[in-house]
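> These are the residues of each chain, in order.
Number of protein chains: 2
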Amino acid sequence: MKDKFLEAMWNRYACKEFDESRIVGKEDFEFILEAGRLSPSSFGFEPWEFLVITDPKRRLEATEHSWGGRDRAMGASHLLVVLNRKDDLRAGSEYLDGFMKDVQKLPQDIIEMKSGAFKNFQEDDFKILESERTLTDWAGKQTYIAMGNMLTAGSVIGVNSCPIEGFHREKTLEVLDEKFNIDTEKFDIAYMLAFGYAKGDAPFKKTRREMGDFVHFD
Amino acid sequence: MKDKFLEAMWNRYACKEFDESRIVGKEDFEFILEAGRLSPSSFGFEPWEFLVITDPKRRLEATEHSWGGRDRAMGASHLLVVLNRKDDLRAGSEYLDGFMKDVQKLPQDIIEMKSGAFKNFQEDDFKILESERTLTDWAGKQTYIAMGNMLTAGSVIGVNSCPIEGFHREKTLEVLDEKFNIDTEKFDIAYMLAFGYAKGDAPFKKTRREMGDFVHFD
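Residue numbers (the numbering used here), protein chains in the order written: chain U, 1 to 218; chain W, 1001 to 1218.
Excised from the complex, chain U in its bound form (with noise of 0.2 Å):
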């Protein structure tokens, strides 16, 4: 499984040009998001949203700010737009509360506990709470760790893919509301995915510094 899991590592890529005639099957895409849904987050809280688009009329919609996402997005066989929560987040919010309640199933005096751990580490560690931008953006952290994890996922199972930060976020936000029924007054967006087989090979052989150029041991 070592090699295996490596390999999958090596093989994926930014891929530039999908093959719009091949379509991810519904269990392999379920297998990618699944990896997503398994992926850790911050005192778990799942920060997530995902929005599956496959009609290419809507992923064209959904793409119209993008300059580094939409031919990409266009090929490809499903486009995976992640958001992620802001104001929910807050400690002491209902959302927590419920989410520790009725997800993570946790007794009263855990959830107290774990609420003002989670309040000293917003406020005081982190500094989490400055802004909304400092908000939305730790979120957004934790959305990151899942796009690692269904990157990989994707590649284990020979699905090419395409990570896009390449859009205006404040016009794509915009779109998401008018057109796709999400409530960007809770949700921001963190990135896009898209998955599908590439066209042809890697057109680059993947490039990383050596392991000596950037680990320290102490």
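Honestly, I wouldn't trust all of these hints.
The list that follows gives simulated cross-link-like pairs (lysine to aspartate or glutamate, EDC-like), each with its CA atoms no further than 16 Å apart [what the hints assert, rightly or not]: (1) W:LYS1114 to W:ASP1102; (2) W:LYS1057 to U:ASP218; (3) W:LYS1004 to U:ASP3.
Label-pair ranges, simulated between beta-carbon atoms [as the list claims (entries may be wrong)]: (4) W:TRP1010 to U:GLU123: 26 to 36 Å; (5) W:GLU1112 to U:ASP102: 49 to 59 Å; (6) U:GLU170 to W:MET1113: 21 to 31 Å; (7) W:LYS1016 to U:ASP177: 36 to 46 Å.
Worth flagging that the hints you see were computed from the coordinates, not collected in a lab. Ideal Cβ positions, reconstructed from N, Cα and C, are used throughout, including at glycine.
Fit chain W to the supplied structure of chain U, relying on the hints for placement.
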């Protein structure tokens, strides 16, 4: 491989108590680092730097201002501190020009094109250059992609882990500067990961929202 990948994801949890007597072997730890190294990042700029601490006394120093990770880091076999670059990542920086030339081996005309796209992305699309905080948060996001892959890689080979955001960021940076020779003008701290072998079984059953609770099909 599909089943084994999901099994690894199911088995991973934030380990609260490590068996101090068990050390992660050199090859296994390198496998985990390799999963980080091969992770994608925006524009392929790999904005991360890793600090590996194994000596218990040194781990105690690094986690001096941590409430959420000190005990875990102590029992673990390896503590990995993940840092991210800041100012170096401004479009047009000498560092990025060097990176595109020496690591990515891009020809000069492509470097100029990529620089321009990156500048627009930072200034306009994602408004990353609004403040020092937005820049470091954006760079930090990229390191969370590597986090996802490293935690999953660990689980693939039966290594337990605990991701740690539970520390005072500024005070920990001071320690890294003073005692670990980290240039905190250049680097910010993103998170820490403890790796080792759990003492006993997972204390909780993993909880997650159901797919239908957060995945919307357009």
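> Hints first: check each against the structure and report whether it holds.
Evaluated hints:
no., hint, in the structure
1, W:LYS1114 to W:ASP1102, "holds (15 Å)"
2, W:LYS1057 to U:ASP218, "holds (11 Å)"
3, W:LYS1004 to U:ASP3, "holds (13 Å)"
4, W:TRP1010 to U:GLU123: 26 to 36 Å, "holds (34 Å)"
5, W:GLU1112 to U:ASP102: 49 to 59 Å, "holds (53 Å)"
6, U:GLU170 to W:MET1113: 21 to 31 Å, "holds (25 Å)"
7, W:LYS1016 to U:ASP177: 36 to 46 Å, "holds (41 Å)"
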